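There are 2 protein chains.
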Amino acid sequence: MATSAMMAQDKKSFTLEDLIPGGNNYFNLQPKNIQGLRWWGDLMLKGEIDELKAFNPANGKEETLITLQEVNDLLAAKELGKLHHFYSISMPYEQKWMLLSTRKHRILVDLDNKEVIWTQDIPAKAANQDWNQTTRALAYTIDNNLFVKTNDGKEMQVTNEPEGVLCGQSVHRNEFGINGGIFWSPKGNLLAFYRMDQSMVTDYPQVNTSTRIATLEPDKYPMAGMTSHKVTIGVFNPATKETVYLKAGDPTDRYFTNVSWSPDEKSVYVIELNRDQNHSQLVRYNAATGEKEEMLYEERHPKYVEPQHPILFLPWDSKKFIYQSQRDGYNHLYLFDMDEEMGLSHKQLTKGEWIVKDIVGFNEKAKEIIIMSTEISPLQSNAYAVNVKTGKRRLIGASEGTHRVQLSASGKYVIDNYTAHNVARSINVLSTTGKGKEINLLNAEHPMEAYNMPEITLGTIKAADGKTDLYYRLVKPVNFDASKKYPAVIYVYGGPHAQNITDTYNYGVRGWDIYMAQLGYVMLTVDNRGSSNRGLEFENCTHRQLGVEEMKDQMKGVELLKSLGYVDANRIGVHGWSFGGFMTTNLMLTYNDTFKVGVAGGPVIDWKMYEVMYGERYMDTPQDNPEGYKNSDLTQRAGDLKGRLQVIIGANDPVCVPQHSIAFLRACINAGTHPDYFIYPGDGHNMAGRDRIHLHERITRYFEDYLK
Amino acid sequence: MATSAMMAQDKKSFTLEDLIPGGNNYFNLQPKNIQGLRWWGDLMLKGEIDELKAFNPANGKEETLITLQEVNDLLAAKELGKLHHFYSISMPYEQKWMLLSTRKHRILVDLDNKEVIWTQDIPAKAANQDWNQTTRALAYTIDNNLFVKTNDGKEMQVTNEPEGVLCGQSVHRNEFGINGGIFWSPKGNLLAFYRMDQSMVTDYPQVNTSTRIATLEPDKYPMAGMTSHKVTIGVFNPATKETVYLKAGDPTDRYFTNVSWSPDEKSVYVIELNRDQNHSQLVRYNAATGEKEEMLYEERHPKYVEPQHPILFLPWDSKKFIYQSQRDGYNHLYLFDMDEEMGLSHKQLTKGEWIVKDIVGFNEKAKEIIIMSTEISPLQSNAYAVNVKTGKRRLIGASEGTHRVQLSASGKYVIDNYTAHNVARSINVLSTTGKGKEINLLNAEHPMEAYNMPEITLGTIKAADGKTDLYYRLVKPVNFDASKKYPAVIYVYGGPHAQNITDTYNYGVRGWDIYMAQLGYVMLTVDNRGSSNRGLEFENCTHRQLGVEEMKDQMKGVELLKSLGYVDANRIGVHGWSFGGFMTTNLMLTYNDTFKVGVAGGPVIDWKMYEVMYGERYMDTPQDNPEGYKNSDLTQRAGDLKGRLQVIIGANDPVCVPQHSIAFLRACINAGTHPDYFIYPGDGHNMAGRDRIHLHERITRYFEDYLK
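So the sequence lines, in the order shown, correspond to chains A and B.
Numbering of the first sequence is given in our numbering, commencing with residue 11 and proceeding in unit increments.
Numbering of the second sequence is given in our numbering, commencing with residue 11 and proceeding in unit increments.
Isolated chain A (complex conformation):
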């Protein structure tokens, strides 16, 4: 013991520069990783800085395909700019051709002959670039309109809409799994795209204070219960230069999600949702005419349905596709069969009290789907091969930890990158069949060995419902002394679509937790009911009453803290951002004898000021659920503030607009209570770079001022 204590004293102390993204020593203390790994068929490419290598997992052979010097000599000869590393190149063809982009050009290099065989100028101001490898046409947006540049260099303006109409961009505020607005058909002959008319949506008046005199930057922001945007889907044919719009009927108060193509390019599939978000329909449209052909499948739920994955056709059978649904309470795969004689049928392919997180791809030969799932533990993400005929599953890679895999073209190999609570990082090339030998590319060292680390442990407690297990992560103070009494801070998020505790390195501990542990705080995080990866019932028990069940579960975390002999029950604080800012403010008001100090970042204060898509899924509209909105409106309880609460926002937050915190301050002033406040001018919903260091100095300082 004496020796270990002395050793601890020899170790280094952290600064925020070591622990917070944006800090000047942050990357040095992150587990090592390998950039630029990807597949070219079943050969693994290693895109390094100075050279590009190909590695054959079948025989272990590795060869250098080209060097950076060689590439740049080729580019220089044609004045095509410069490549800085091979991290982002790809090899999209069977041929040994490398695709790369410089600032102004997209370029194909023949690696055998060492020559540039094709180039395409990138139009100035092109955003949302989506390049089709078959036709080599580029779809892109400039401002709010969509353009296509074909392989022969022709530039076509697909849309010509006024400012309030966005084309070729993500819609519905990135909900429903949407992250873009350009959808090339499988062979690149047609281009489906989103068109969003938001001219009828109220502007939120964001203000840019960095100009000589502050300037208005209005942002279309549809608030819960208010008029929302209207989305339609166009299909552009570069050959005819004509666009048809899918004849989906009046788009008012509807969501058009998860756009996908049939393999034959004849049909576009859309999962449609009503504004209530309690009824989804999978609909097929004729891509050539826009006609609605068939509603294939629908789901209803008294709370909400939330489609997040486009349908995916089996590569070996264009009559069969995979649909993902939470209809049995957990996200699972359903195999749909559009047999022409038998008609449409479907069967459940995976089942159990765990969820399919993603489809990685297919092994066509073995007729397997490669998925990521939580089958081993809700804290983990593991790859499995699922046999489409039998539904049987086979684990790929280590059974511990949280994996990210890249699948080779045939589906025979994966690059498996994973971390676990005691694994900083491990990268391996594996056969998905479980037969070939595993080739290890990296076992990262523990990067903080030289530092005095706190003890980080995982555990479970019962939720407030008395039956559900909740995971928690507990960080003890550095140089822990069980005879002392320490202040404790709960870090909370608590909302849907997020999970704070996972079987990743150190259980996903946050850098700030470590910093606070070094300053002598006990740090606790509990993933309450309402958070993700635990199934639908776990998540949707919060419906129409956000905050209520979540807080009850957090109070179970407080009970845990109080049960620890070394926590000073009179010095418990709480910190969270976004939904966690809502939770923090709510906990400070609701359990105002428990929490002495809180820091609420970018908080939701009143759900009727939050946007339609996310807000109404969980809360319905203010018109439909006045009681629920009123009960969760924190301005109503501003007078209950007793402890020290600092609210911090990005002054230009487009997600949780400044009106939330400003309304809260007004309510507190009217009620005679005293929150503290800070803003980060020019920042959005989160702080990045140096601002993130400043932010965590600020948060730390607040607990040091008032909780220590």
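Think of the hints as simulated: they come from the structure by calculation, not from any bench.
Treat the numbers as computed from the prediction; the structure is a model and nothing was measured.
Don't take every hint at face value.
A pair counts as met if it fits within one copy or between any two copies, since identical chains are not told apart.
[As the list claims (entries may be wrong)] Simulated pairs of lysine to aspartate or glutamate, DMTMM-like, Cα-Cα distance not exceeding 25 Å: (1) K56 x E448; (2) K652 x E27; (3) K652 x D28; (4) K329 x E455.
The hints should help you fit chain B onto chain A, whose structure is shown.
Relative to chain A, chain B alone:
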């Protein structure tokens, strides 16, 4: 001593409710006053709640003219609304006729016959009402346009301008003594008015966060060095319904100030100023044609000239008028004579190292001007009668204190309302001749006798120039013990046009000073060079370098504090608002080893974000004075912040726009320093009512957290 200490313990302690405007006991602790005193000829009216009395100072007789019940019976019979008290009535005619206004009506009541003899409907939405007693026409504005309603009920729209053009309202942001935009000619036959085109001025994007979704409320705000508004002056003739505009030439970058009429209504006088504000011209225009007739007088100054008083014709000689000027270094009266044979001449009527603050009126019979001046002391304001022929002055009323006087029609009497450091309030009716007997109406009791008061003293120190005397006010902690070491807070304003220390009750101590003294702080205020009522040189030594000399003088105050044995030199704080917020922030950055804690309210951070009129007078333009702007730009020194500084603003401040403090926060974040911040949503440049209580709780709390 023992007895006095015990007595002190028996006395009450203050709360902020007692000491801050908006507090629920604030008015009870203010010196008593008498509302509704005014003149009707040489009879004094006492407008009380229940009755209106007339008092004759010549013989001491008092009679009741009418009761509230009688008035309201008359109004009720004609459905003219209701009068709540006689505080705001007037008697504008020789006849015993009382003028009153209800919400919708202006009404004349014949007090002898107890009847309503005349009414006029007040148009809905009428603002800036200016009623002419001779013609009984009403000039008013609705939105941005000017209207006249004549005695016969005709409504005339004088102007019909688009939104960016304001008519009949104050211009040039109320600088140059301007406080309105409607100027009836002496007999009411013509109406001069301001027209301000601000369509070319940049909008500051103010945001109203109290609406369902925040809404933009753009405010035309010309920042120093940027394009300013253009002002012209129209003359409307209600008889012909025609308007002529004064032919003053291109109004770009010019100020048209101090509009006045000749007694014969034939001429309009304007004091015109260039944008540099270093050259003023008194110009006469033909009111009928708008032609410029003559430039009568001009002044230049290497720093600035600042006309603030319209010319005033002698009632007994329409060829003579009074012009006020600081040209000899102090504001004094100059008598101009437009003798037709001799031509224009002028002579200085008052002279000395003191200033004329105001002209109250005339005693026509005695050929005297009644003025307010600082002749006795810069801390005082006393009334004098100045003989126009001889220039001889005669003091009116007590020689101590700060007086406000109301002059009777003949100029023979004044109602003199004054306070002094040891006089809570005294109201007396006096003869201006010094001959009649003084009639005392009120000697107010000391209103805080029941409370434990701190000791409040006045003194002088030498300014940083080594020669100028500066006044200071020092407040010792309640229950002072010279053997203790106390923290000290400097309250500072420091800018032009203001004076914190005057010979008013308790030397004008602020309620918050008393509160802080009760909490154990030494409170100091010093009126530095640059502040008002000390003459031009005292004020304009700050020209082109605001903050520099002012801070040097404040540091003399710090020296004073340090010389007091009972001040802890390590616990000195500073607080100020507006210019005082600029001073506070500046002091925190510049003398960052001296000041440990500061609270800066509504601060100017960078003068180039302040408005043209005030800003350029003292700083010239950023183009002309880049060095001066840079040196006083506090964002440049954000990295020098060491102590705790809280910046507080009204979130909708239209005077010192939010961009100031937001730019400061951004600079501090970039420099890695940590100011604190708070905003009062919906509030402007100052907090009023309950918000002012909350504000002072907040300010107090900050010093208690970090300076105690």
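Structure-based check of each hint:
| no. | hint | in the structure |
| --- | --- | --- |
| 1 | K56 x E448 | within (17 Å within a copy, 103 Å between copies) |
| 2 | K652 x E27 | between (33 Å within a copy, 20 Å between copies) |
| 3 | K652 x D28 | between (34 Å within a copy, 24 Å between copies) |
| 4 | K329 x E455 | neither (48 Å within a copy, 98 Å between copies) |
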